[in-house]
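Chemist: Going down the list, the protein sequences come from chains A and B. To convert, note that position 8 of the first sequence is 8 in the numbering used here; the numbers rise steadily by one, no gaps. To convert, note that position 128 of the second sequence is 128 in the numbering used here; the numbers rise steadily by one, no gaps.
Hints were generated in silico from the structure; no laboratory data involved. Glycine included, C-beta positions come from ideal geometry on N, C-alpha and C. Please note that the accuracy of each hint is not assured.
Said to hold, decoys possible - Quick list of simulated restraints, FRET-style, between CB atoms:
(1) 248/A with 493/B: 55 to 61 Å
(2) 128/A with 148/B: 22 to 28 Å
(3) 465/B with 91/A: 34 to 40 Å
(4) 64/B with 282/A: 54 to 60 Å
(5) 288/B with 282/A: 34 to 40 Å
(6) 432/B with 68/A: 32 to 38 Å
(7) 234/A with 382/B: 56 to 62 Å
(8) 69/B with 123/A: 47 to 53 Å
(9) 84/A with 493/B: 43 to 49 Å
(10) 341/B with 234/A: 55 to 61 Å
Unchecked claim - Residues of chain B placed beyond 10 Å of chain A at every Cβ, according to the derived structure:
(11) 143
(12) 365
(13) 382
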Amino acid sequence: MAHAQDKYYIPHGTKWPILMSLGLFTLFLGVSVWLNGGNATPAIIVGLAIVITMMFFWFGEVIGESEAGTFNDQVDTSFRIGMMWFIFSEVMFFAVFFGALFYARQLALPWLGGEGSNFFTNLLLWEGFESSWPSNGPADVGGEFEPMGAWGIPALNTAILLTSGVTITVAHHALKEGNRRVLGLFLALTFLLGFIFMGFQAYEYIHAYQELNLTMNSGIYGSTFFMLTGFHGMHVTIGAIMLVVIWLRCLRGHFTAKHHFAFEAVAWYWHFVDVVWLGLFIFVYWL
Amino acid sequence: MSATTTHDEHHDDHGPAKGIMRWITTTNHKDIGTLYLVFALAMLFVGGAMSLVIRAELFQPGLQFVNPDFFNQMTTMHALIMVFGMIMPAFVGFANWMVPMMIGAPDMALPRLNNWSFWILPFAGTLLLSTLFMDGGGPASGWTLYPPLVLQTGNALPFAIFSVHLLGVSSIMGSINIIVTIMNMRAPGMTLLKMPLFVWTWLITAYLLIAVMPVLAGGVTMLLTDGFFGTSFFQAAGGGDPVLFQHIFWFFGHPEVYIIILPAFGIISQVIPTFSRKPLFGHDSMVYATASIAFLSFIVWAHHMFTVGMPLAGQLFFMLSTMLIAIPTGVKVFNWTATMWRGSLSFETPMLFALAFLFLFTIGGFSGLMVAIAPADFQYHDSYFVVAHFHYVLVPGALFGAIAGAYYWLPKWTGHMYNETLGKVHFWLSAIFVNLTFFPQHFVGLAGMPRRIPDYATQFADFNAISSVGAFGFGFSQLLLVYVVIQCVRGGEKASAQVWDGAEGLEWTVPSPAPYHTFEEPPLVR
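Just need the whole structure built from these sequences, with the hints factored in.
Modeler: In structure tokens, the structure reads:
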């Protein structure tokens, strides 16, 4: 299919990146003004629209090149190494939020409770506070709340994500064997499971806010709970959208048994999101 | 592995597009490298002007020119601009220009991403600089952005935080590109241990960046939610801890200082062998030393926080692990010195800057050992001694490294020799003024003058006056660098491909100026 299998592909000029930066700039400008109490809805909408449009065209161009057979094996390897290190940067991003959770539970709260050399911290500042988990801190920030249990929806969500890890693997094997029908079916199953997961998460948030009084204001428990599950949920959403994109590409007959970097990149990303969830389930919900 | 190039539609390439669009749409590593370097040079003067505001205010005791809040904004913005806007982009610029040429690659591995990495920067810089004109002014908490102080920033807070996010995206994308290029684009025969040291130091730097920029992004995200969404990460009342932010920041911050210095190590390791006309002494041990420094950088961060109230075991651990860094750094300094031993030395401008680097960086290294001693650091902490220490490693360290690299490779970039006399004048002015600026700060620091304070006791007046004179001298001397660069770009004596008679490496096998596309056919490396 290729006319340039022995050449490293270097694209000519591109206008997408600077427009992408412009979009992000407008978006962040708008969000900043909004956070300061101003009205910046137009800037936010325009910025978001530019970012999404640019991603559509930029990815579209690369997909076009890929299908035209412009990328040789070496380019493919570049994409793979790039994606691997991008996922590593995401690992470090989640690591800092897990780090905050562990720090609060193992150090900050016990110190506030007077552990170690902090007897006087406790006596003078927060007399009577006993360290425990879940906690909204010695000042009972956000008022009485109930923590999120592990064995209802979260356990179900764990099963859903683990199953989606299996379905995407089935789809991958089908792709390698050229079985397009199974490929399309199991890919669709995968992103459907992803969207069901998101639906449950949304339900859980509403439940937390309306019935448990568990909000972002609920001290360190609420902070870590919503930061970790929120960023994870955002990544699941992105991953599910990526799954839809490669599903549509599969329906159009993209990818071959040998050349399907985009499929594998999405699969890696999906597994990464899956593993992060296991960490969340154990440390945020369960223990 | 074959690595020839192709271009969509055109098989005979006509070189770059014309006009401004060339620079906006370029995917060429040399164009993007130039953009990074020009941006960094501009930011050097923006950040430098801020430091001159600081030094003007500190010329004598009392308040003369600016109010204390604006003074604090200047210390904060000077640091943020110099770290994220000047020195890091400068070294990414060097990486863009030199890494593909040094490993025999046609270009960077991911050219569109490369364009994006650069073109985020002007937008992020605008976001950051615009905060100076807002209600409440720019961030005034110091570049470390410690809560709860930073949460008292006015309207600037979200702008500054999003700017940090964007700078992080740029760094991460740039680093991924550099890693992929080095891992996947080397010419046949260019095995890992044959790579020049500049390539090695950048490979390791890129790993550091990918590991720690997301940590900073997470940290400032928590600041944002604490400030605007009611979370309690850094508030004890809710069970959080402001000290947690310090841990997060310095888990990023300490690797960050090696991110800034390792590429300079790489440049010095190219320059000294060339002008000693000897191969680098202990090439492999330099690689291992660089890797050791990178590893250690992850387990030393709390030495920035000795006075915060850490358990004794923590202080001991961070003190000793910090001191371990002296070993691989010592290996490097001795290797550079041994490279010169019995070499046939000549002292062109790049070599002069490299030698100044060697002496003055070592002074900064030694004062680093002093502040690493936890009990002694209780005295040094937050004093001007610390300011003197890190400016010795950043200015005659990292910045001199970058300037040495600029003089070293300017003939290769432009095809012209720079004006050697003016280069030497620039060197001597810089070397004298940098010491005049920062050496007295050791004394006032040891005597107890705190940093980030616009006024001081009269006993510190003389040394501060000297320091301010030095700073203005150093600042204006850098205009000479701009003049030499412009002169060199516009014309001058034609440079040969070899340029320096002792230089070795693939970049010296291509003509000067290096053609728009190098190594469309991969060179053979033996």
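Chemist: Does each hint hold? Answer for all of them.
Modeler: Cross-check of the supplied hints:
Roughly 59 Å separates the CB atoms of residue 248/A and residue 493/B, a value that falls within the hinted 55 to 61 Å. At roughly 24 Å, the beta carbons of residue 128/A and residue 148/B sit within the given window of 22 to 28 Å. Restraint check, residue 465/B to residue 91/A: a C-beta distance of roughly 51 Å breaks the suggested window 34 to 40 Å. Checking the proposed 54 to 60 Å range against residue 64/B and residue 282/A shows it holds: the Cβ atoms sit about 59 Å from each other.
Restraint check, residue 288/B to residue 282/A: a C-beta distance of roughly 38 Å satisfies the suggested window 34 to 40 Å. Under the hint 32 to 38 Å, the C-beta atoms of residue 432/B and residue 68/A, about 60 Å apart, miss the expected range. In this structure, residue 234/A and residue 382/B break the distance hint of 56 to 62 Å, their C-beta atoms being roughly 38 Å apart. At roughly 36 Å, the beta carbons of residue 69/B and residue 123/A sit outside the given window of 47 to 53 Å.
Taking the beta carbon of each, residue 84/A and residue 493/B are about 47 Å apart, inside 43 to 49 Å as hinted. About 57 Å separates the C-beta atoms of residue 341/B and residue 234/A, a value consistent with the hinted range of 55 to 61 Å. Look at residue 143/B: its CB is around 18 Å from the nearest CB on chain A, clear of 10 Å, so calling it non-interface holds up. Taking the minimum C-beta to C-beta distance to chain A, about 28 Å, the non-interface status of residue 365/B holds against the 10 Å cut.
Every CB of chain A lies more than 10 Å from the CB of residue 382/B, the least distance being 22 Å, so the non-interface label holds.
Figure legend: structure checked against the earlier numbered hints; hints not met, in rising order: 3, 6, 7 and 8.
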